[in-house]
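2 protein chains.
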Amino acid sequence: MPQLRKDPIVGRWVIIATERAKRPKDFKVVDSSPPESECHFCRGNEKFTPPEIFSIKDGQGNWRVRVIPSKRPFLDMENHFWKKGKGPYDLMHGMGRHEVVVETPEHIGNMADLEVSYIRDVFYTYCVRMREIEHNEHIKYVLAFKNYGWDAGGGRIKHSRSQLIATPVNLKRVKEELQGAKFYFNYHERCIFCDMINQELQQKERLVLEKDGFVAIVPFAPRFPFEVWILPKKHSSAFCRIGEQELYPLANIVKTILYRIKKLLNDPPYNYVVHTAPFKRPHPGYWSTIEEDYHWHIEITPRLTEVAGFEWGTGFYICPSLPEESAKFLREEV
Amino acid sequence: MPQLRKDPIVGRWVIIATERAKRPKDFKVVDSSPPESECHFCRGNEKFTPPEIFSIKDGQGNWRVRVIPSKRPFLDMENHFWKKGKGPYDLMHGMGRHEVVVETPEHIGNMADLEVSYIRDVFYTYCVRMREIEHNEHIKYVLAFKNYGWDAGGGRIKHSRSQLIATPVNLKRVKEELQGAKFYFNYHERCIFCDMINQELQQKERLVLEKDGFVAIVPFAPRFPFEVWILPKKHSSAFCRIGEQELYPLANIVKTILYRIKKLLNDPPYNYVVHTAPFKRPHPGYWSTIEEDYHWHIEITPRLTEVAGFEWGTGFYICPSLPEESAKFLREEV
Numbered sequence: 001m002p003q004l005r006k007d008p009i010v011g012r013w014v015i016i017a018t019e020r021a022k023r024p025k026d027f028k029v030v031d032s033s034p035p036e037s038e039c040h041f042c043r044g045n046e047k048f049t050p051p052e053i054f055s056i057k058d059g060q061g062n063w064r065v066r067v068i069p070s071k072r073p074f075l076d077m078e079n080h081f082w083k084k085g086k087g088p089y090d091l092m093h094g095m096g097r098h099e100v101v102v103e104t105p106e107h108i109g110n111m112a113d114l115e116v117s118y119i120r121d122v123f124y125t126y127c128v129r130m131r132e133i134e135h136n137e138h139i140k141y142v143l144a145f146k147n148y149g150w151d152a153g154g155g156r157i158k159h160s161r162s163q164l165i166a167t168p169v170n171l172k173r174v175k176e177e178l179q180g181a182k183f184y185f186n187y188h189e190r191c192i193f194c195d196m197i198n199q200e201l202q203q204k205e206r207l208v209l210e211k212d213g214f215v216a217i218v219p220f221a222p223r224f225p226f227e228v229w230i231l232p233k234k235h236s237s238a239f240c241r242i243g244e245q246e247l248y249p250l251a252n253i254v255k256t257i258l259y260r261i262k263k264l265l266n267d268p269p270y271n272y273v274v275h276t277a278p279f280k281r282p283h284p285g286y287w288s289t290i291e292e293d294y295h296w297h298i299e300i301t302p303r304l305t306e307v308a309g310f311e312w313g314t315g316f317y318i319c320p321s322l323p324e325e326s327a328k329f330l331r332e333e334v
Numbered sequence: 001m002p003q004l005r006k007d008p009i010v011g012r013w014v015i016i017a018t019e020r021a022k023r024p025k026d027f028k029v030v031d032s033s034p035p036e037s038e039c040h041f042c043r044g045n046e047k048f049t050p051p052e053i054f055s056i057k058d059g060q061g062n063w064r065v066r067v068i069p070s071k072r073p074f075l076d077m078e079n080h081f082w083k084k085g086k087g088p089y090d091l092m093h094g095m096g097r098h099e100v101v102v103e104t105p106e107h108i109g110n111m112a113d114l115e116v117s118y119i120r121d122v123f124y125t126y127c128v129r130m131r132e133i134e135h136n137e138h139i140k141y142v143l144a145f146k147n148y149g150w151d152a153g154g155g156r157i158k159h160s161r162s163q164l165i166a167t168p169v170n171l172k173r174v175k176e177e178l179q180g181a182k183f184y185f186n187y188h189e190r191c192i193f194c195d196m197i198n199q200e201l202q203q204k205e206r207l208v209l210e211k212d213g214f215v216a217i218v219p220f221a222p223r224f225p226f227e228v229w230i231l232p233k234k235h236s237s238a239f240c241r242i243g244e245q246e247l248y249p250l251a252n253i254v255k256t257i258l259y260r261i262k263k264l265l266n267d268p269p270y271n272y273v274v275h276t277a278p279f280k281r282p283h284p285g286y287w288s289t290i291e292e293d294y295h296w297h298i299e300i301t302p303r304l305t306e307v308a309g310f311e312w313g314t315g316f317y318i319c320p321s322l323p324e325e326s327a328k329f330l331r332e333e334v
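Protein chains in written order, with the numbering used here: chain G, 1 to 334; chain Y, 1 to 334.
Read the hints as simulated data drawn from the structure, not as lab findings. Mixed in with the good hints there might be a few duds.
Intra- or inter-copy, both count: the list cannot distinguish identical chains.
[Stated by the list, open to error] Here are the simulated DSS-like cross-link-like pairs (lysine-lysine), alpha carbons at most 27 Å apart as the crow flies:
| id | residue 1 | residue 2 |
| --- | --- | --- |
| 1 | Lys233 | Lys158 |
| 2 | Lys262 | Lys182 |
| 3 | Lys47 | Lys83 |
| 4 | Lys84 | Lys204 |
| 5 | Lys182 | Lys6 |
| 6 | Lys86 | Lys182 |
| 7 | Lys158 | Lys172 |
| 8 | Lys86 | Lys175 |
| 9 | Lys140 | Lys172 |
| 10 | Lys84 | Lys140 |
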């Protein structure tokens, strides 16, 4: 049964993935993925995957986008939910969900190469799954993210897909964002993300693209070269409450940015993470203004530099490119 | 001139390393390190490095451990220190130091293969440099760390060395530890690290080694498989105030752990980071009990798993091995 454990000093929850638990000799094994010719995510190979949870179909009844449970889930919905302590330590049942969103029936590797309508369906699928999972009383957060390419944790199977992880705890980075945004709101009575968007639209030097209600910017203090954030200009805290008419414009700007990253930076590995407000607000008084002070967005991080190990241990990043130059470069149409 | 920029939402400082600024086409270039036969860190090749800052010599006057400035520093001591804001953004001069500690004159790659006396001299060297740098009014922290192996950011030159980065800001992870430890201390009036050590010595299941005043444990909620923390049993907040008689026992336990990691896990890349209290306490009232509530330690993290990209974006880690099993495995003598 998977466990969640809390670091007693900094309060960071970690999944101890016992279902995947490896013995020391199992690390660094050769990848045992099926050869590309037998990709389990392609149309016609549905029998190789666990039963479908959700799908979007075309006019002929064929699926376009499809959600399946992970074969090796980090978290599970079985067993009774429990929490306990031991000395200074806290742990709880690793309750949750781990799902895979297959983004196309064709064997296409990079989301940058999908038609916008598929990307739109992927984001719609995230919303549907989030709204469904929200009903579970123990789940606080759904993380939607993509790992593309080996160096970004994407594995060796080159079929465009992303993942949903539903957790019974709020993630550390999300908490930090909520706290930072709350602190700013308490003083200024304005959303820090809205202020940031206004600043970037005025200054323009880190703006990559502004289109149909969305902006793409290189953040002022990026962790990685060519990091890009995509934000809705209209204030909104919860991604899964996005209007249906906003999905296509969102997909369009995401596709444009991913395609520029692919073309201008030589098809690098990348990750994206959807940052959205959590479902449950542990302290109603504290979180009561969350609708006003948090602003959902997508963070896209290409993997262009070697791993600088100490950054993991310190939260201190060294970015080897000027954000303003990165933005200028990414403004180029391709 | 290097800059430090602060993320306005979560308050994380990032170095924008303009001295290293790369154009997009410069990423993923082939490493231009000299061939191993011309290693600049070996005895006899001192002329290839910048002038020495500090060294420890043997009886014949030959250096054993040597500190040199980085050829491509992230931070510099030149120019006048400045801070400024622009809209919601804060930035400051990237003032600081970036030094390389060459750990042996021989061409030995892994610290695990050095004699204990050399490792002792390396830790002594950290202390000397920290105590010296502490006098600079703008410097708040010195980060001592090691990247070993390509996947840990160690580059291609296989000569055992570590780095010191002196910064005018406190690092995010260090702040979090200080705040977490302070919170615990305020309630319990005990150091959380001391409590953790006692718990581990009682439970024994995550204890790897206890020797001459130091313990090596696998933490309760590790981010990485086979992560190991080494802590002094005697409470102490500042690494650079370590007693000279404690340096050899520290070097000895570090060597033992690094050697076991090398032998038992097939010589993996790894990082270590020395976690110590900052020099300056920005709010004297707040930090006044820092000597009581913080406890220096060294965190060693082998790189055994593929990069799971979303962990960068969320601070949410998935560890694929049980800490108790990792500890049991590392208790094996080799």
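Here is how each hint holds up against the structure:
In the homo-oligomer, the alpha carbons of Lys233 and Lys158 never lie at most 27 Å apart, since the shortest distance is 33 Å inside one protomer and 49 Å across protomers. In this assembly of identical chains, Lys262 and Lys182 lie within 27 Å of each other by CA distance neither inside one copy nor across copies; the values are 36 Å within and 46 Å between. When the C-alpha separation of Lys47 and Lys83 is checked against a cutoff of 27 Å, the pair qualifies neither within a copy, at 37 Å, nor between copies, at 60 Å. For the homomeric pair Lys84 and Lys204, the shortest alpha-carbon distance between copies (19 Å) is at most 27 Å, but the shortest distance inside one copy (51 Å) is not.
When the C-alpha separation of Lys182 and Lys6 is checked against a cutoff of 27 Å, the pair qualifies both within a copy, at 24 Å, and between copies, at 17 Å. When the C-alpha separation of Lys86 and Lys182 is checked against a cutoff of 27 Å, the pair qualifies only between copies, where the shortest distance is 20 Å, while the shortest distance within a copy is 32 Å. Taking CA atoms no more than 27 Å apart as the test, Lys158 paired with Lys172 passes in neither setting, with 30 Å inside one copy and 36 Å between copies. In this homomeric assembly, Lys86 and Lys175 come within 27 Å of each other (Cα to Cα) both inside a single copy, at 24 Å, and across copies, at 25 Å.
With identical chains, the CA atoms of Lys140 and Lys172 are at most 27 Å apart both within one copy (13 Å) and between copies (25 Å). For the identical chains of this complex, Lys84 and Lys140 are intra-copy neighbours only, at 18 Å inside a copy versus 38 Å across copies, given an alpha-carbon limit of 27 Å.
In terms of the numbered hints stated before, the structure departs from hints 1, 2, 3, 7, listed from lowest to highest.
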